[in-house]
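Given next are the chains, with one letter for each unit.
There are 2 protein chains.
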Amino acid sequence: MQSFRVNLGRDSHQVLVGQGLLDQVGEFARQAGLAGRVAIITDSNVARLYLARVRKAVELLDPYPTTIELEPGEQSKSLGTLARVYDRLVEAKLERDCVIVALGGGVVGDLAGFAAATFLRGVALIQVPTTLLAQVDSALGGKTGINHPKAKNLIGAFYQPRLIVADVTTLESLPERVFREGLAEMVKYAAIRDAPMFDELEHASKGIVSRNPALLEHFVTMSLRHKAQIVEADEREGGLRAILNFGHTVGHALEARAEFGGLLHGEAVAIGMAVEAKISQTYAGLPAYDAERLIRWLNSVGLSTRLPFEQCDEPFIDALTLDKKRRKGGELNLVLLRQLGQAVTKYVPIEQFLIELNRIAGTAQPRD
Amino acid sequence: MQSFRVNLGRDSHQVLVGQGLLDQVGEFARQAGLAGRVAIITDSNVARLYLARVRKAVELLDPYPTTIELEPGEQSKSLGTLARVYDRLVEAKLERDCVIVALGGGVVGDLAGFAAATFLRGVALIQVPTTLLAQVDSALGGKTGINHPKAKNLIGAFYQPRLIVADVTTLESLPERVFREGLAEMVKYAAIRDAPMFDELEHASKGIVSRNPALLEHFVTMSLRHKAQIVEADEREGGLRAILNFGHTVGHALEARAEFGGLLHGEAVAIGMAVEAKISQTYAGLPAYDAERLIRWLNSVGLSTRLPFEQCDEPFIDALTLDKKRRKGGELNLVLLRQLGQAVTKYVPIEQFLIELNRIAGTAQPRD
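Same order as they appear, the protein sequences are chains A and B.
Each residue of the first sequence is one higher than the last, beginning at 0 in numbering that gives the first Met the number 0.
Each residue of the second sequence is one higher than the last, beginning at 0 in numbering that gives the first Met the number 0.
Just chain A, same shape as in the assembly (with noise of 0.2 Å):
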């Protein structure tokens, strides 16, 4: 098991990622400080797979635990769901001492931690993430929320957790294109802020592909220690943090387009990524090597890195152009790789990403 801090003043908290460490969770809680009655919120997958060993493991803490199953996909992030969600909590007669475990995926992760955000102004909670999506990234960083019908994440709140468990041994379980997803937000911190780390991954990718559980853990924390650092350094997305979004600029706008054949939020990512390192040689000095590597790699683990069209329509450049955070007049804020292991933020007028972008799409594809 490793194990580590995240450091964020009152808000500061352990991670810890390991095998098997499901059935510790009570344990972990208890040596954590908390100790109040328990409700663990999942979907109704993870709960078949894994709901009767942490039920079994936070009896430590409380012996009839409250369990909330939510029905599995992204439709749970509602209001309606939460709702529900809170009735649940008041009829199990939860006080401000309680704790509530997400265990899941990004879906049941925001959703229970925005609950644990607003249930008598903020319980103590437990992130068991169970995807690498997850493990990797959604489960750190305070991040909690449920969708508006007009905007993904449109209601939430920065939430820490006092406590998040990675049992890498979950990851077994996942289907094939889930676990792959979970790849691309990896290799994304090995891309912006880690060569050795890159190097490393190029070497496993082989046993990280057949779910290698000591690999996974080694990876899993390398990721997490990445995040935790940045999140350290800008708790609340003012600065550093906007690095996380390599990938995503045009990750967000393929995933916006159902057309685009339902991608999944990694894979979108790591087409982003693709086109973005291909960007990234003409607008910040990434050597053509870098890029090839980056895209060699993702094609490696089964990640697919190319254009779903061959020439930008209107939709989609809405998409890329809406979010005001990532747009200054007329110029993108991208952010952009160096080389291998180092990101820049650049501004690049619309026009010229978009001719950059036609240019991939039509002639120089990333391949697969």
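Please keep in mind that the hints were generated in silico from the structure rather than gathered at the bench.
Take the hints with a grain of salt, since some may be wrong.
Because identical chains share one entry, a pair is satisfied inside a single copy or across any pair of copies.
Mimicking DSBU-like on lysine-lysine, the simulated pairs with C-alpha atoms at most 35 Å apart in a straight line are [as the list claims (entries may be wrong)]:
no.: 1; residue 1: K55; residue 2: K345
no.: 2; residue 1: K55; residue 2: K327
no.: 3; residue 1: K345; residue 2: K327
no.: 4; residue 1: K151; residue 2: K92
no.: 5; residue 1: K149; residue 2: K327
no.: 6; residue 1: K345; residue 2: K151
no.: 7; residue 1: K92; residue 2: K55
no.: 8; residue 1: K92; residue 2: K205
no.: 9; residue 1: K345; residue 2: K149
no.: 10; residue 1: K151; residue 2: K327
no.: 11; residue 1: K92; residue 2: K345
no.: 12; residue 1: K92; residue 2: K149
no.: 13; residue 1: K55; residue 2: K149
no.: 14; residue 1: K327; residue 2: K205
Since we're looking at a predicted model, the values are computed, not measured.
Following the hints, put chain B in place on chain A, whose structure we already have.
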């Protein structure tokens, strides 16, 4: 105008108290570094009286501010109303740099504050309280939230405003009962921590009742300074903030009983303070003369101090002992007075507390 700062690290903010400040909300917001688009959340009663002025004032930041009018009353503190507020904020395409102005009493402040806390994971909030209760108490301290059908303020967050603007001339328009109930929370600060303030209040009671704006400016500022000091020492209600509950153990139990004629919060707290002052004589050595002075002051401003029954019944006892925060085994955690201006917390056995309460209710009722 009086002005001071609430020191809460990165959540520090300015408090302004004065006459005619509504017309300068835009200027003050700009001085506080706010520059985004504006949504004013208010209720239809307050809107009729003050919305035009505040709208005009914030045009400095946003020539077309969004205005959201709630129905007046506690029933607006619901998830349904909150959902409609989110809809309006989305419709108006407000972004992360927007400013929400909460213009109204406690209901508006709580709901608009929670909307600000959770829209886009938190946007800037200006509290512009227009009732005495909100000006001396609820606008400061960061408590925001809505009700669940089963319990008040069950859903919420601690979220500090970026600015508080209390214009005491808005108090002129309050209905008599609504004005008076605020005086209960005002004298509470004197009772728990400021004997000289109590002397001042005694001398000024006539001017206060006639709503002399200079006097109100003085005492609202004093009250908010006390609250600020308490909140600075204990932002999340770990300890000291508990003394703000003087009068509230009995007060909340009275409020919970609709049979008692629909007492307003401040009216219930006034009776609660009178009763808890009597109990302080037995359990905290409060001189009888001090209890008498407090009761006399409450009566002099038109607040009743009589319990609305002669014997505690079961539902009242349940309401008293329901809240586990206030209970430990068979004892109630009470805030009592050692002398006027000095509060202490004491555990008193529930049995003995009820005997005292029945004695007070049956024979030695605090007079009106």
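Status of the hints after comparison with the structure:
no.: 1; hint: K55 to K345; verdict: neither (50 Å within a copy, 39 Å between copies)
no.: 2; hint: K55 to K327; verdict: between (52 Å within a copy, 29 Å between copies)
no.: 3; hint: K345 to K327; verdict: within (11 Å within a copy, 59 Å between copies)
no.: 4; hint: K151 to K92; verdict: both (31 Å within a copy, 14 Å between copies)
no.: 5; hint: K149 to K327; verdict: within (23 Å within a copy, 47 Å between copies)
no.: 6; hint: K345 to K151; verdict: within (26 Å within a copy, 49 Å between copies)
no.: 7; hint: K92 to K55; verdict: within (21 Å within a copy, 46 Å between copies)
no.: 8; hint: K92 to K205; verdict: neither (49 Å within a copy, 46 Å between copies)
no.: 9; hint: K345 to K149; verdict: within (29 Å within a copy, 51 Å between copies)
no.: 10; hint: K151 to K327; verdict: within (22 Å within a copy, 43 Å between copies)
no.: 11; hint: K92 to K345; verdict: between (51 Å within a copy, 26 Å between copies)
no.: 12; hint: K92 to K149; verdict: both (33 Å within a copy, 10 Å between copies)
no.: 13; hint: K55 to K149; verdict: between (40 Å within a copy, 30 Å between copies)
no.: 14; hint: K327 to K205; verdict: neither (42 Å within a copy, 58 Å between copies)
Consistency with the previously given hints fails for numbers 1, 8 and 14, ordered from lowest to highest.
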